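Dock chain D against the given chain S, drawing on the hints supplied.
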Amino acid sequence: MKKPYLLVVLLALFVAVPAVIAAPDGTLLQTSNGLQTSNEQGDVPEEADLIERVRKGVQKITLDNGLRVLIYRRARVPVFSGRVWIKVGGVNEEIGRTGIAHLLEHMAFKGTPIIGTTNYSKEKELLAQLEEVVSKQADKSKITDLPEVKAIHKELQTLWVEDEFARIYATHGQQGLNAGTSKDYTIYMVNLPSTALELWCWMESERLFNPVFRQFYLEREVVQEERRIRTDDDPDGKLAEEIVLAAYSGHPYRMPLVGWPSDLKQLTTSMMEEFYHKYYRPDNIVLTLVGDVDPVVARPLLNKYFGRLPVATVARPGVVTVEAEHLGERDVTVELDAEPAFFLAYPKPAYPDPDAVFFTLLSEVLADGRSSIFYRELILQKKLASYVNIYDIPGSVYPSLFSVYAKPQQGVSNQRLRDEVQLILERVKKEGFSDTQVRAAKRKIKVWFYQSLSSNGGISDMIGLPELLWNDWSVSLDTLAKLENATALDLQRITQRYLVKNKQTFAHREKIAPEKTTQEKITQEK
Amino acid sequence: MSANRIIFFLVSCLAILPLFSCSVGEGVPSRPESLGRETVNYRFPKPDRWTLSNGLVVYYKQDLEQPLIQGTMYFYGGGLLDPAEKLGLAQATGAQLRAGSIQGMSPGAFDDALDSLGASIEASFGEEYGSVTFSSLEEDLPQVISWFRSVIREPAFDPSRFEVWKKLKVESILQRKDDPDTVALFTLYRAIYGPESRYSLAPSIASVKSLTRADLVKFYELYVRPQKAVLALSGPASREKVAGLVDKMFADWIKPNRDLPQIPKMPPRTPGGVYVVQKDIDQARVFIGHQGVARNSPDDVPITVFERAFGYGAHGSLLFIEIRSRLGLAYAVGAQFDQVAQGGIFYVHAGTRNEKALDLTRKLEELSNQVRVDLMPEQMFNEARFALRNSYVFQFESTRALTQRAALYDFLGFPENYDQMMFEQIPTVSRESVKDMAQRLILPDESSVVIVGNITPEQVAAAVGKGRATYRVEFDTEPRVLGQVVVP
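Chain order of the listed sequences is S and D.
Heads up: the first sequence begins at 1 in our numbering, then just goes up one per residue.
Heads up: the second sequence begins at 1 in our numbering, then just goes up one per residue.
Since the hints were made in silico from the structure, they are not lab data.
Bear in mind that the values here come from a model prediction, so they are computed numbers and not experimental data.
Coverage of chain D stretches by chain S, computed from C-beta distances (three or more under 8 angstroms per stretch; other residues unrestricted):
#, stretch
1, 23-33
2, 63-73
3, 169-179
4, 308-317
5, 320-330
The calculated DMTMM-like cross-link candidates involving lysine to aspartate or glutamate, where the alpha carbons are at most 25 angstroms apart (straight line), are:
#, chain 1, residue 1, chain 2, residue 2
6, S, K154, D, D359
7, S, K430, S, D419
8, S, K482, D, E139
9, S, K238, D, D280
10, S, K154, D, E355
11, S, K154, D, E322
12, D, K356, S, E148
13, D, K167, S, E420
14, D, K241, D, E139
15, S, K142, D, E355
16, S, K265, D, D282
17, D, K356, S, D234
18, S, K511, D, D178
19, D, K167, S, E339
20, S, K511, D, E171
21, S, K238, D, E171
22, S, K56, S, D472
23, S, K142, D, D359
24, S, K511, D, D181
25, S, K122, D, E33
26, S, K150, D, E355
27, S, K429, D, D112
28, D, K356, S, D232
29, S, K60, D, E65
30, S, K382, D, D158
31, S, K383, D, D112
32, S, K150, D, D359
33, S, K511, D, D280
34, S, K140, S, E274
35, D, K356, S, D263
36, S, K140, D, D359
37, D, K466, D, E365
38, S, K382, D, D112
39, S, K238, D, E474
40, S, K511, D, D476
Using N, Cα and C, we set each Cβ at its ideal position, and we do this for glycine too.
Pulled out of the complex, with its shape left as it was, chain S reads as follows:
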């Protein structure tokens, strides 16, 4: 069963990082016969309901320097999930320096003065020399081609120990070492055997405290390759970039998360240092430890290692620009050699606006599964679409976009399918939804909660992200209770209020023929 996700573009080291649900999630829900799993063997879980068990089991620790830690003990397998959440993402970037938050996430794997080098004092001098050469270039895009830089890199190569950070984790049995950047936050994650807790504290605190941005100009190239995979050569990625650009005029949510190629080519280590110091500070960081972790044992270790992070002396920079009200609908064409598709997006409020939570339910009813309205009518009955889904993009902290994504079938234009989508929306505004639909949607969301809370990673997301974004780890767990009280009228009301034509943005991908290259002579095999 597909859950309409927040399209958090987690630009991870690997492709397969799951998206995190946008609107917060839930709390205790009484089912008809409760969740007493009466079983003949007589074992009874400590707390019957999983959601309530998680809520009661979370412990929060705040260090003197403001860094927060959430611990949830789940000792069934001797492993734990350790995550570092930092409240910085694409939304904090400036024009001309887009992509820097994500590149910083890559750089956080390059090590410290101790890890990743055989001689830091020598390396430090060389890195300073390198940066001096860089500072003298007006155009920073060809750094690695410069003879002086090649010479410095050649020397640095003899001092560098590539990927030492990750390799140390590997030998301690890590699984799932990864990281991601979204518009709102950066996350570093790893799963380890439970005996490696102190190792985790050492490694994560060291790289937060003392990162060395080595191999920066090489990694700049790697990130450009990543952009090519995810956006330039991916028709859906490109379309997603375009809808967000078009739907936001001024707010920094609009800028591409992986960065413009032109910006990436001009980023320098000095800019990275500046960005790092602004945002990688203890009052901007939350840690989650979920699994076989004893809080009594963890607490002194956390203090010992993470207590070292210095308190910031200035206020954390905020996001200044507010998106102006749209005064009419927007239409953007994207011509690509690919099958057509479109996004139809409407601005929607973010938590803590009380309406925000209903959009999860609305997405469920409209687009999740074969019984959903869009699937049933557009794919099955009218046979106009080959795919329809709803995404909440691009972030969770500021007003976002309720976005219908659809692919028309052969012979159907984007515009025709969009018109049909709008007809459905007009109809539900007038006629509303049935109680059956709403009930089924709530139940599916509840099941999704249980699935999420069945893994260390899922629990980490459920508590870590709300703590980071809203200083309240229970926001997600509260969603179910809020949704329990939601009615068909609430859904109808938000459809009427927000899904209005003069606020919509329509970004549609139209197919063009591939460019013909000059015909080369082909010699046929005899």
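Positioned in the frame of chain S, the structure of chain D alone reads:
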């Protein structure tokens, strides 16, 4: 032996943890290695297993932590067994087992009924085998498992849903060329297996349109049967309750024994060529490969260590360090042995900006050849071996995953203690044995090179085509070799 008393693991070399509160920064070691390298030893938890008299094998492990019951039944049969003119039949049958509803219920009613409970049932067939999966809150188990039974034993194959599937499948075939990696992989199969082999063929628009409901029924009758099927279940319910329900649903499912068609054999191994698909993309994809070995091969242990040390697409593996970290050439890079019943392929792959595609090709070939000639660097190799072994515990983190894994491995014919065997043997693999394996199984002369990017076949032939044929390939919905390129 009580199921509740399985000894989960033993940890040797426990670190001594501080009992007093630590003040900030006190006693932080200068390097993390001094924090101890635990060697994790354990016995792998095993689900219960029993067999019904009709041949159906059942795996079950109780999971009291959460209220969902989940089950998957595996069946032999897949795309490789499609009749030649009916490519896509296995996929269609798999999809329609669920989408086509069950006898006695209209598709809309069936969809709504599952939805209203927050339950799900899904089905699919891959190339060699298929599965039907269900998920349900425990309180709804009797109802949902009865629908699960109906999907498996009494599918309706509703004709209108089948028409929808066909249309959507045609759409997805048209979209293949929109993903450069799909283009590259399909072209690689064509290059390695040749134009005639089942292993290089995929459903076409024509073959999909030719499928009939009668075809679905025939495929279903042949392959969906209790003999050799395996069912994996997990959830909070007791074994007794689950076994009772499984009996009720499946014990009377009798089908006469039949010899089933066999998965086709691999085509003969041939020398490789260079295949170029010109496509207006910013990042060229380079895939280099040849035939490999079958699943459950005598070389599985060194292969597993090799894959981790060489081709695991993440930090610490040789390809990642050389191609990504050192050269900044690629974001995605990796190598693997894909092993199936009758054989498989070995391939390396990466993507880089067009102007560096040929450099990348040369580098990938150089590194692949090097592992046959030189021992892998010792520290990297030992780390990979250690990492592999120590992360085994994660295979068993979720009850559902471990139960499904046990069932699937049984279904695929792996020996019963495969994981335990691997866990014990991995530390014994030497660099020499990996080099020996590489000499036998990694074969540059047999390699085909596929490049998809904004580059001409002539440019490619001039740079890397010496001693082998270079072909121009067009990809619309499948690769078509247009002809051989001759460099003047």
